[in-house]
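Novice: Following the hints, put chain B in place on chain A, whose structure we already have.
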Amino acid sequence: MSEVGTDIPKLQILGADDAESCEGDFCEIPAHHEQAVMNRRVDSDLI
Amino acid sequence: MSEPIKVDVWSDIACPWCFIGKRKFEAGAAEFGGEVEVEYHSFELSPDTPVDFDGTEQDYLLTRGFPADRIEGMLGRVTGIAESVGLHYDYDALQHTNTVLAHQLIHYAKAHGRQLEMTERLLAAYFEQGRHVGRVDDLADLAAEIGFDRDDVVRSLSANEYLDAVRADQALAVEYGIQGVPFFVIDGKYGVSGAQDAATFANVLTQVRDEKAAVA
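Chains A and B are the protein sequences, given in the same order.
Numbering-wise, the first sequence is residues 1 to 47 according to the working numbering.
Numbering-wise, the second sequence is residues 1 to 216 according to the working numbering.
Looking at chain A on its own, in the form it has when it is part of the complex (with noise of 0.2 Å):
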């Protein structure tokens, strides 16, 4: 369990750390369905 957050009241997170999310332009599918990228970030340093 970790926290988050600065001036709001602190989440204590839950749940897998590997489920599916997007960040930024940049979508993943975890280990669990075969690690992949979607949509690569928008990063200097990538391209």
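Mixed in with the good hints, there may be bad ones.
Cut-off 30 Å, straight-line C-alpha distance, at most; resulting in silico cross-link-like pairs (DSSO-like, lysine-lysine) [to be verified]:
1. B:LYS212 x B:LYS189
2. B:LYS110 x B:LYS189
3. B:LYS110 x A:LYS10
4. B:LYS6 x B:LYS212
5. B:LYS189 x B:LYS6
6. B:LYS6 x B:LYS110
7. B:LYS212 x B:LYS110
8. B:LYS189 x A:LYS10
9. B:LYS6 x A:LYS10
10. B:LYS212 x A:LYS10
It should be emphasised that the hints constitute simulated quantities derived from the structure, not laboratory data.
Specialist: What follows is chain B alone, placed relative to chain A:
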């Protein structure tokens, strides 16, 4: 009778896991069986996306540097997972676009007490029906299909009436430390990230209900 459990959901229309996560959450809430109050909040994954992107989803992914030889397989896997929760993604028809106006439409619908219905309509339009969800006229058509006054929707979207509300949601996401979507804030104190299994949502909701009962 106990109060409903509040669930705040940050999501984007152009987020394949948000629609899948919506279905999984709904299944978890049904398994939980108690009363749940859901409110959606705006999160733009790719605010620099043009409204009129000229190309397919595959073309879009290529512009983002995704290896061409992996795109079909990857979209196929996402489509398969969507099918597993009863969604029929159609990436050949999908029209990639900017979603800020769609978020404003969701706020418009919230102001009229129909946010969940509008959110569902937009996600289905985008992922299953190949409808454009980035232009005022197209969005107004979708809103009218579920009974909203089309002219009033055009007025609202043209005036960016709910842009401040979208930005407020995004600012709150930053305060919470939310970096990805879907993200569920349950009872203002628990965070659940991603398209979790239905059982996970059911367990968290049950935990919150039990905690509330213990202090009542």
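Novice: Taking 30 Å as the top limit, are the C-alpha atoms of B:LYS6 and B:LYS212 close enough?
Specialist: Holds - the C-alpha atoms of B:LYS212 and B:LYS6 are around 12 Å apart, at most 30 Å.
Novice: Would the pair B:LYS6 and B:LYS110 pass a check requiring their Cα atoms to be no farther apart than 30 Å?
Specialist: Answer holds: B:LYS6 to B:LYS110 is near 15 Å, not above 30 Å.
Novice: Given the hint that B:LYS6 pairs with A:LYS10, test it: the Cα-Cα distance must not exceed 30 Å.
Specialist: Distance ~16 Å between B:LYS6 and A:LYS10 Cα, so the pair holds.
Novice: Under the criterion that the straight-line Cα-Cα distance not exceed 30 Å, is the pair B:LYS110, B:LYS189 satisfied?
Specialist: Status holds; Cα separation ~23 Å.
Novice: For the pair we were handed, B:LYS212 and B:LYS189, check the Cα-Cα distance against 30 Å.
Specialist: Holds - the C-alpha atoms of B:LYS189 and B:LYS212 are around 12 Å apart, at most 30 Å.
Novice: For the pair we were handed, B:LYS189 and A:LYS10, check the Cα-Cα distance against 30 Å.
Specialist: Holds: B:LYS189 and A:LYS10 sit about 7 Å apart, inside 30 Å.
Novice: Given the hinted pair B:LYS189 and B:LYS6, is their alpha-carbon gap at most 30 Å?
Specialist: holds, 10 Å
Novice: Just to be careful, I want the Cα atoms of B:LYS110 and A:LYS10 compared with a cutoff of 30 Å; is the pair within it?
Specialist: holds, 26 Å
Novice: Are B:LYS212 and A:LYS10 close enough, with their CA atoms no more than 30 Å apart?
Specialist: Distance ~18 Å between B:LYS212 and A:LYS10 Cα, so the pair holds.
Novice: Is the straight-line distance between the alpha-carbon of B:LYS212 and that of B:LYS110 30 Å or less?
Specialist: This hinted pair holds, its Cα atoms lying about 27 Å apart.
Of the hints listed earlier, there is not a single one the structure fails to meet.
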